[in-house]
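**Q** Listed here are the chains, written in short residue letters.
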Amino acid sequence: MKEGTTHVESLDPQHELQVADPSGFELPQEATSTARRMTLNMGPQHPSTHGVLRVVLELDGETILNARPEIGYLHTGIEKEFEVKKYQQGITLTDRVDYLSNLGNNLCYALAVERLLQIEIPPFAQWMRVLLCELSRVSSHLIWLGTHALDLGAMSVYFYCFREREEIAKIFETFSGQRMMTSYIRIGGLALEPPRGWQKIVGNVIGSVGKGIEEYHNLLSSNPIFMDRTQGIGGLPVETMIELGVTGPMIRAAGIKMDARKDCPHSSYEKFDFEVPTRTANDVYARYEVRMEEMRQSLRIVKQALDGMPSGPWQADAPHVLLPEREKMKTEMESLIYHFKIVTEGFRVPEGSVYQVVESPRGELGYYVVSDGTAKPHRVFMRTPSFGNLQALGAMLEGVPIADSIAIMGSMDFVLGDVDR
Amino acid sequence: MLPDAAAQNPTAVELEKVVPGAIVDFKTAADCPTLYVSSHSIISVTKYLKDVAGFSRLSAITAVDWWPRQPRFEILYFLHSLKEDTRLRVAIRAKETDLIESVSRIWRGANWYEREVFDLFGVQFFNHPNLERIMLPVDWEGYPLRKDYPVHGHKYSYQDE
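Chains as they are written, first to last, in the working numbering: chain W, 1 to 421; chain Y, 1001 to 1161.
One should not assume that every hint holds.
Unchecked claim - With a Cα cut of at most 25 Å, we get these calculated SDA-like pairs of lysine to any residue:
no., chain 1, residue 1, chain 2, residue 2
1, W, Lys80, Y, Tyr1149
2, W, Lys257, Y, Pro1150
3, W, Lys86, W, Lys257
4, W, Lys80, Y, His1152
5, W, Lys376, Y, Pro1150
6, W, Lys80, Y, Trp1067
For the record, the hints were derived by calculation from the structure and aren't laboratory data.
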């Protein structure tokens, strides 16, 4: 990247005329001249960007005239990597995309491949997927809440949130052996049989996290400092937000009821009773309210899943896709052949393409999987919610004071792994 | 002119009336149909789909490389109608040398997606506000998501060691 000065030259001269000043008074003429402008690099190592995002800010005093997000610092070429891995190996890559909601990514990829394979997933596995995805949504929102509050100066919320989040991470560890990169949802079902006594662990966590959320609500919701910092900022016209590709809690805080769990139900979500919270204020505070309500709704879903969990197998009946049980592999010839074939060659997926959408904690997550009939995908494209949301950052920061940019960026809840892939 | 498979799809039939000859192929998939349109009609097609047919949201734009088959690229536009809650894919088949008109004046959000396609596939768009690399450094050589681009290093590979 060249130095910041070159960007000043390439700026549209019209920007000089479009200075929006929120406090309403006219800026003196010389204040908008290029001589007083400053180009400031925010990031890529800035704590409030929560990752390696660089925002090139064009400043006039404390007002942002123009903000240009620069991404790509975390680009790992995961989509290329998919093309040389077998379908079942791809699951481990999906964890690394959005590292705060791994199970949502696992689920989306698994559902896409299952749709191409036309495998029916047994109800127990579907409900278990829903339960774990909702727990991961709560865990992701808790991290967002903690870091967002920390950015705005509320230190204690950060510690409380990470305490509850650790409880959920422990559940994932009990299920899969991993706290974060679980890879627990696999093509055709789950990776392992859920551990004995999981109902008790999950039940305990619903109670403690539910109590925790109310505690944070008491700490923040009517806190005058928090409200002053968050109310009335970060809004854009709803049509612009839709055009820019904003999804998830941000668009719901603008009054659009868009949620893939309701709109295109997957994995038995239609069997659960839950609300999609919306607000109309379209500011940082409304996004906070939406996410808080979403956590409550997620816990409601987890509770329903816990109470009404159907019994049955945790994997589909698809011997050509799923590895056989260890015991069977050692005693039955057929299972041994399947095992050998899956491990050495993988399984072939019928030709075709599918775009599968799930609701990640950040918005619409889509996997477009193209199969050419072999054991490796021809192309996997990830429509990640953070990428679409971040595109609106430039428009949101225009004309706001620099201090508000921290609150606005925090309210977007992007994950840079999800942006750069 | 309209492909037989598309005759069942009301959106395709209506589109054929407004932009005759735009649809060159039609494919169905497990999730939603794909309309293949000619590359020069992409603006009129997307304009119609957004303003009249109600596909107000552009979910994403991406490409698929079918090298060595020609034309090698398939550029896909994932559309979403919020009102009807239906989805549609619009696709263009393009050669390496083809210039595609940018849809960023229909949907502002197309900006980054087209930059990404340009960055990783080398597809050129015209009328784009700022067509430069987005993921990779500006001095990067080659387009990594092309099928003829090696997975293990462009100039250097540990397999050579």
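**Q** Hints first: check each against the structure and report whether it holds.
**A** For each hint, the structure was consulted:
no., hint, verdict
1, Lys80/W x Tyr1149/Y, "10 Å, holds"
2, Lys257/W x Pro1150/Y, "43 Å, violated"
3, Lys86/W x Lys257/W, "37 Å, violated"
4, Lys80/W x His1152/Y, "10 Å, holds"
5, Lys376/W x Pro1150/Y, "16 Å, holds"
6, Lys80/W x Trp1067/Y, "15 Å, holds"
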